[in-house]
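J.: Every position in the sequence shown, counted from 1, becomes a number in our numbering once 84 is added.
Fair warning: there could be bad hints in the mix.
Stated by the list, open to error - Straight-line distance between alpha carbons at most 20 Å, and here's what the computed EDC-like set of lysine to aspartate or glutamate pairs gives:
1. Lys-325 x Glu-345
2. Lys-137 x Glu-118
3. Lys-212 x Asp-308
4. Lys-348 x Asp-283
5. Lys-186 x Glu-145
6. Lys-164 x Glu-121
7. Lys-319 x Glu-345
8. Lys-159 x Glu-141
9. Lys-156 x Glu-142
10. Lys-186 x Asp-213
11. Lys-237 x Glu-343
12. Lys-270 x Asp-240
13. Lys-352 x Asp-240
14. Lys-156 x Glu-211
15. Lys-114 x Glu-142
As the list claims (entries may be wrong) - Per label pair, the in silico range of CB-to-CB distance:
16. Gly-130 x Lys-252: 31 to 41 Å
17. Gly-232 x Leu-188: 39 to 49 Å
18. Lys-231 x Asp-261: 18 to 28 Å
19. Glu-343 x Lys-270: 25 to 35 Å
20. Lys-352 x Ala-278: 26 to 36 Å
21. Asn-328 x Asp-213: 44 to 54 Å
22. Lys-322 x Lys-241: 18 to 28 Å
23. Gly-232 x Asn-354: 13 to 23 Å
Hints are computed from structural coordinates only; laboratory data are not their basis.
Note that CB positions come from ideal geometry on N, CA and C, so glycine has one too.
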Amino acid sequence: MRAQFKKRPDKVSATGLIAGGGSLPLQFLKGAAEKKEKVITFGIAGETGNTIKKTAEEYVEVNLTALSSIIKECKARGVKQVLFLGYVRHTNLFKNIKFDLKSLSIIAGLKGFTAVQIMGGIIKQFEKDGIKVLPSTHLMENSLAGKGNISLKKPDKKQMADIQFGYKTARTIAAMDAGQTVVIKKGGIIALEAQEGTDNCIKRGGGIAGPGFVVVKTARPNQDMRYDVPVMGLKTLKAIKALNGAGIAVEAGKTFILEPEKVKLYAKNNGLFIYGA
85 MRAQFKKRPD KVSATGLIAG GGSLPLQFLK GAAEKKEKVI TFGIAGETGN
135 TIKKTAEEYV EVNLTALSSI IKECKARGVK QVLFLGYVRH TNLFKNIKFD
185 LKSLSIIAGL KGFTAVQIMG GIIKQFEKDG IKVLPSTHLM ENSLAGKGNI
235 SLKKPDKKQM ADIQFGYKTA RTIAAMDAGQ TVVIKKGGII ALEAQEGTDN
285 CIKRGGGIAG PGFVVVKTAR PNQDMRYDVP VMGLKTLKAI KALNGAGIAV
335 EAGKTFILEP EKVKLYAKNN GLFIYGA
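Working from the sequences, and respecting the hints, build out all of it.
T.: And the structure:
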């Protein structure tokens, strides 16, 4: 592994960003720069985008399944706290994976191979090695969805009924670590997210439901805010618009909104509602 960009003096303590895919890590880096927080970015091979690589003050590419190397890189740079942001495609967790010995010892001790169990094991190992894992919301509180109407357009009574039903349904599947998203129409469950991700769930459900469907996305009950916090952004809204959906409800205080101003403008221009449940 080779560090790029500026290198920090050993005596300076920095926050380590374990960055997956998507724009959420970039949103964090911009916020950290504004608040002058020192950050070293550890990008997950095959997931982290080029924009993040170019934006990071110091960048180190790592393999998520080589946990010993990641912890070694953190310690070598004086990193005493890290946070996880960005996605790791679930399909990559099941394809031709080579674990190092430390990762294998974690996997061997797990009761299952879900995202919750894997990340729980990884976090436990970081903290065992003296590296604190911060909530994903660190410096990101302003990016969380608020309560109530987020967009100018408001859901009507029937849509609110779908939101309430969808919220309970989404929380149920989230508790099973199956997914976080449901597609609802007229009180009926049209689609439940599994491993395909939110946008593909919307495409599948919207294609079945037809115009006017409602999307609901929630966190797990007792969500650990250190990893896999729900996210929505322009891509999600565009998937809803493409199939003439009515809008989306997300869990307030536990869902990140990517580029919130752009999201609100898109919703306004396309007649979609965004609601914090």
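J.: State the violated hints by number, sorted upward, taking the hints as numbered earlier in the document.
T.: Of the numbered hints, all hold.
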